[in-house]
Each structure stands twice: as C-alpha cells, then as structure tokens.
Amino acid sequence: MSSRVSDPAAAISRRRLSRGGLSRFGRRYGLQIGIVGVFLALWAFFIIGAPRTFLRREMYGAFMSTIPFFAIMALPLTMVVIAGEIDLSFGSIMAIGVLVFVNVFPRTGNFALAFVLLLVTGFLAGLLNGIIVVKFGIPSLVATIGTQFFWRGVVLVITNGHPASLVPVKGTFLHQLLVGRLGGYIPAQMIWTIIVAVLVWVLLNRHKFGAHVYLVGDNRDSARLMGVNVDRTRMMVFAIVGLAAAFAGLIASVEVNYFWVNLGEGYLLRTLASVFLGGTSVFGGVGTVLGTFIGCFIIGTIEGGTVAIGLTGFWTQLIYGLIIIISISMHSLVRTRLGGS
Amino acid sequence: MDYILEMRNISKRFGEVQALRQVDFAVARNEVVGLVGDNGAGKSTLIKIVTGYHTPDSGEVYFNGRKLEGLSVAEARALGIETVYQERALANLQTLWRNIFMGRELTTHLGFLDVNGMERETQKLMISSMGFTSAAVAPDAVVGTFSGGEKQGVSIVRALYFQAELIILDEPTMGLSVSETRKFLEFVRGIKEAGKSSILIDHNVFHVYAVADRIVVLDRGAVAGEFLTKDITLDELMEKMYRVAQTGSLEPTPR
Chain A
43 MSSRVSDPAA AISRRRLSRG GLSRFGRRYG LQIGIVGVFL ALWAFFIIGA
93 PRTFLRREMY GAFMSTIPFF AIMALPLTMV VIAGEIDLSF GSIMAIGVLV
143 FVNVFPRTGN FALAFVLLLV TGFLAGLLNG IIVVKFGIPS LVATIGTQFF
193 WRGVVLVITN GHPASLVPVK GTFLHQLLVG RLGGYIPAQM IWTIIVAVLV
243 WVLLNRHKFG AHVYLVGDNR DSARLMGVNV DRTRMMVFAI VGLAAAFAGL
293 IASVEVNYFW VNLGEGYLLR TLASVFLGGT SVFGGVGTVL GTFIGCFIIG
343 TIEGGTVAIG LTGFWTQLIY GLIIIISISM HSLVRTRLGG S
Chain B
549 MDYILEMRNI SKRFGEVQAL RQVDFAVARN EVVGLVGDNG AGKSTLIKIV
599 TGYHTPDSGE VYFNGRKLEG LSVAEARALG IETVYQERAL ANLQTLWRNI
649 FMGRELTTHL GFLDVNGMER ETQKLMISSM GFTSAAVAPD AVVGTFSGGE
699 KQGVSIVRAL YFQAELIILD EPTMGLSVSE TRKFLEFVRG IKEAGKSSIL
749 IDHNVFHVYA VADRIVVLDR GAVAGEFLTK DITLDELMEK MYRVAQTGSL
799 EPTPR
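Which chain is which? The protein sequence lines are A and B, in order. Mapping to my numbering: the first sequence position 152 is 194, numbers consecutive. Mapping to my numbering: the second sequence position 116 is 664, numbers consecutive.
Derived from the structure by calculation, the hints contain no laboratory data. The structure presented is a predicted model; accordingly, all values stated were derived computationally and were not measured. Just so you know, not all the hints are guaranteed correct.
In silico DSBU-like cross-links for lysine-lysine, where the CA-CA straight-line distance does not exceed 30 Å [said to hold, decoys possible]:
#	chain 1	residue 1	chain 2	residue 2
1	B	Lys615	B	Lys596
2	A	Lys250	B	Lys672
3	A	Lys177	B	Lys596
4	B	Lys596	A	Lys250
5	B	Lys788	B	Lys778
Derived DEER-like restraints, expressed as beta-carbon distance ranges [as the list claims (entries may be wrong)]:
#	chain 1	residue 1	chain 2	residue 2	range
6	A	Val78	B	Asp605	21 to 31 Å
7	B	Ala622	A	Ile237	31 to 41 Å
8	B	Ala626	A	Asn247	19 to 29 Å
9	B	Arg577	A	Asp263	30 to 40 Å
10	A	Leu375	B	Ser725	21 to 31 Å
11	B	Ala626	A	Phe87	34 to 44 Å
12	B	Leu658	A	Val78	47 to 57 Å
13	B	Thr656	A	Asp263	46 to 56 Å
14	B	Asn612	A	Leu375	26 to 36 Å
15	B	Tyr551	A	Ser371	47 to 57 Å
Glycine included, C-beta positions come from ideal geometry on N, C-alpha and C.
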C-alpha cells in the first residue's frame, strides 16, 4: 500500500530538497537571533551614551529588581497572544490578588494560606476572562477591558482607596523568598522570573498544552476538526495569566512594603510591548518565550536608558509606541509570506 | 451485511435550516462509498457527525456495532475514524510534524511531548509514505510554504498514520491538478486494497464513479437514492443526478 500512498504527497520532497541547513536554521531561529541582536545593539548604544550609568553594577541590580514585576506576567501572556487572544486585565488582577492577601495575612498570620488564596484568586479571575471569551463569544479585547475596570472597581470599593501596609511581612521568610537579595545583590524576583520563564517554556514547547496553544492560535477551525479541545485551551491561557498576575502583584507590593490600590496600572503598556517586541505575532500561532524574556529587558532598559542618556522620560512612551507598531507590521509581512490565513 | 458504520434516522438542524432529515446511511467493511449531491445537500454535515464534530439532534450512530453517544472528535479518531477535510485542516504557521500529530500528539507521561519521537516518525513517513529519500528534507519545515497538492499529501498521510479503519475524504480533489487528481484516485483504490473503508465526497461525479463501490445521492438533507456502481452506467448516473437537482426525484415521472 505504501507505494500508492506515496503518490499524492510525493511532490513535497522535491521542492524542499534544495534548501540547505543554514537557511532552515535561520528560518527557525531568525526571530530569536534578531531580538537578541536588537538587545545587544541597544545595550551597546546605552553604554556608549551613558557609560557612567551603564557600567555600574547598581544599574543592573535595579533592572533585575523592577523588570520582573512585569516580566512574570509577560511570559505567560505570550501564550495568550500565541493563542490569538489578548488580555488587558492583568494589571487589575494584580491588585485584586494582593487585596485578598492583605486581608487574609494580618487576620490569620498564616502567610502560606494567604499566599495560596492570592494565587487562587488570580487563577479564578483569569479563568473568568476565559469563560467570558469562550462561552459568551466576546472578543478578548473587549471582555478584558470590562474585567479590567470591574476588578479595579472592586478593589477601590472594598479599600475605599486606602493603601494597606505590608510592613508586617518584612523580616519574614516570605519577604526573603519573594524579594530578598541573593548574595546581597541578585534580587529574588529575578530568580522567580527565570523560574517562570523555564516553566512557561516547558509548557509551551514540551507539553501537549503548549502544542495546542500554537494550533489554536494558528487555525482554530483546523484544531477543532482534528480533535484539539479548543475551548479548554483558550480558557486555560487566561487563567494562567491571572495566576501569574496575582503572584507578580504580591512581589511588586512586598518590594515596596505597601499595597497601593492602583497597583498594576502602569504595567499594561510595557507588558504588552515586551510580548510583541519579543516576536510574538498579534495574529496568533507564532511566538517564543526567549523572545518575550529578552523583550522585557529591552523595554526595561529603554526606560532606564532614555533618561540616563539625557532624554526626557517623555521619549519612553514614543519609543514603546514605535516598537509595538514596527513589530506588529513585521509580523504581518512574515505571515503573508508564509501564506497564513 | 457487515457494516463498519451505520447511521439510522439522523436529523440535524442549524437554526432555521434543516440540514439533515431522517437520514439512513451505512458503510460496509472494505467498501468505498461515494457521497454525492448538490451544494447544501448535507454531505459535509453528515460526515461531520461521523467525525464527532457535530452532534445529531436525533438518530443513532453505530461504529463496529457499538453505539456511539456524545462522540467528540478526539474519541472518533481514537476509534479509527480519520478525515481528510475539504479545508485540509492544517495549521499553516506550524511545522510538518506538528501538523501530522495535530490533536494526537505523542506524549511520554503527564502529557509531556515526545518531540524526538514525532520528528522521527515524520521523517519515517516522509521516506516510506511520501516518497522522500533525502535527509535534507526536514520534519520542521513550515506547512504554509507547501503547495495545494503538497498540503493535501500531508492531510492524507496524517489520516493514514493513525491506522484508521474508516477514512473520510471530503472534497479531496478540490484545488488539485489533473495529475495530482489521478494520483489521488489511485490512492483511494489503495485504501480499498488495504482492506479499509472509505467515504468519498466529491463534486465531480467522474471521480466518484471511478473509485466508489456504491454511490449515495443526498438531496436537500435526505437520501434521494443509492446505486451500486457496477449496476449503473456513468451516463445513467449523471442523468439521475441532474433530475434530482431539478425535480428532487430520481425517477423520470415525479410521484
């Protein structure tokens, strides 16, 4: 039978024979090599432009301390974007998660319980996004604008706008675990960012779930026809971002010893910019964890760097905007070339 | 008769549209059944019920004598029902191996992917089933760069890989060149020789007549008639199909 079976597909080989290993390598890793190149070029630019700042180790300590606040969300958000969706609500989920924590911890003194409830809250808030998008068929852009306002509103109503102190956490094991300084220099949140990156990479590249995320984002109908549980996959990516947002919210709050009710409001743009800059396609189906990881550091470096080389902070937004526009346009071109729908 | 698939009294409605009304349909073991009919006759709906994509409003489906209920696509594939879809059902931005194993990924434990295994199997398929001989052809080529015929090949090889007992072919020759079509019809005969069963949907009656053992005509959601290809000439078949399209009846004088 095999000889008969061969016929309709035989043509596939001939055309592809000529393509060499190098070009295949380039096609496979091109975007990732590109993003690392952009990062190195930018870094060199800032070192030359502001050597006094960029050659001091304190600068890198600061980067490693602040970039994780949004990197921890940007990494799982990559999965949402690969799945062809978007999430704008994670900033508010940071706040609602920490709100649960600051209410449970002082009352019970049990940080493990407070921590678990924080994660559960984030997961459920994310899952709610997924349910609205999948079960009610609302585009995620709209659905998560709604939940973004809703959770922020809940936080404001419950707190009356008052911040809560996290000073009692200071000196505890939890504080060391989340924001301690390894060897007096490397912030624990940087280690957490690396752990999250590894977890998301494994999930996305070495687990069935990740395979389905790519398929759902690439062609939802095909995935459904071939038996992929499309609905569950779409709901889960939102839930995972919710979980990560609550965790990131706790780290950001414990770092400053305070829970501010506007926690997360400043993270929306830079988190999304990191994902898109990292080579994840806004059309879905394409994206890498390494890309987002580097993307976060580029975004973080731009923020520190523009001021260091003597530009005003106003330039930061302009550069973010440019980055989003350019990276999205690039993907449109790549996708057209590959004949995607 | 020994049926691999039996559907009794199947009805399906989409909102205002009655896509299928009380359809009886069966495929015998090692039989190639051609399913023909005009656009909107219900062909695709009928086969998407077999593949678990749609759930019938009423009626019963038996596969290998076992009644199927609440069938999902994944369950249908596990039972041995594979489909080559009209729309190819490929993910254009993904690699060849990811497309071959779409929805049925090889995993080790706890759902972790056996990536090496899948790449190895794809490589093997490329040599044994797709006729590749060079090591330069990679399972990690992106499917979106393939031509229509090549994509069809991927879709077919995928259906065969999982040892399906019933292979459903939904408009498989659409968009194929003349030589690709001829090869494809050879392939359908290959399915029969391998002892498997098949349902072939095709707009082109010539293609269906060339390979099917039996032809079932659907019209406006109901079975209008069926013929064994050995009992009917191509001219008679075309005459009847034309009449169905015009009058809704196979016979010259409407009852």
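Hints versus structure:
1. Under the criterion of a C-alpha separation no larger than 30 Å, the hint pairing B:Lys615 with B:Lys596 is consistent with the structure, at around 17 Å.
2. For the hint pairing A:Lys250 with B:Lys672, the CA-to-CA distance comes to about 22 Å; that is within 30 Å, so the pair holds.
3. For the hint linking A:Lys177 to B:Lys596, the alpha-carbon distance of about 22 Å falls within 30 Å, and the restraint holds.
4. For the proposed pair B:Lys596 and A:Lys250, the alpha carbon gap of about 25 Å is at most 30 Å, so the pair holds.
5. Between B:Lys788 and B:Lys778, the direct Cα distance comes to roughly 16 Å. Compliance with the 30 Å bound is thereby established for this hinted pair.
6. Taking the beta carbon of each, A:Val78 and B:Asp605 are about 55 Å apart, not inside 21 to 31 Å as hinted.
7. Roughly 32 Å separates the CB atoms of B:Ala622 and A:Ile237, a value that falls within the hinted 31 to 41 Å.
8. Under the hint 19 to 29 Å, the C-beta atoms of B:Ala626 and A:Asn247, about 25 Å apart, fit the expected range.
9. Distance hint check for B:Arg577 and A:Asp263: the Cβ-Cβ separation is about 31 Å, which falls inside the suggested range of 30 to 40 Å.
10. The hint said 21 to 31 Å for the Cβ distance between A:Leu375 and B:Ser725, and at roughly 29 Å that hint holds.
11. Distance hint for B:Ala626 and A:Phe87: a CB-CB separation of about 55 Å, inconsistent with the stated range 34 to 44 Å.
12. In this structure the hint that B:Leu658 and A:Val78 lie 47 to 57 Å apart at CB is violated, the actual value being about 32 Å.
13. Range check, B:Thr656 to A:Asp263: Cβ separation about 29 Å, and the 46 to 56 Å hint is violated.
14. As the Cβ distance of B:Asn612 to A:Leu375 is approximately 50 Å, the hint placing it in 26 to 36 Å is violated.
15. Between B:Tyr551 and A:Ser371 the C-beta distance comes to about 56 Å, which sits within the given range of 47 to 57 Å.
Going through the hint list in order, the structure does not satisfy hints 6, 11, 12, 13 and 14.
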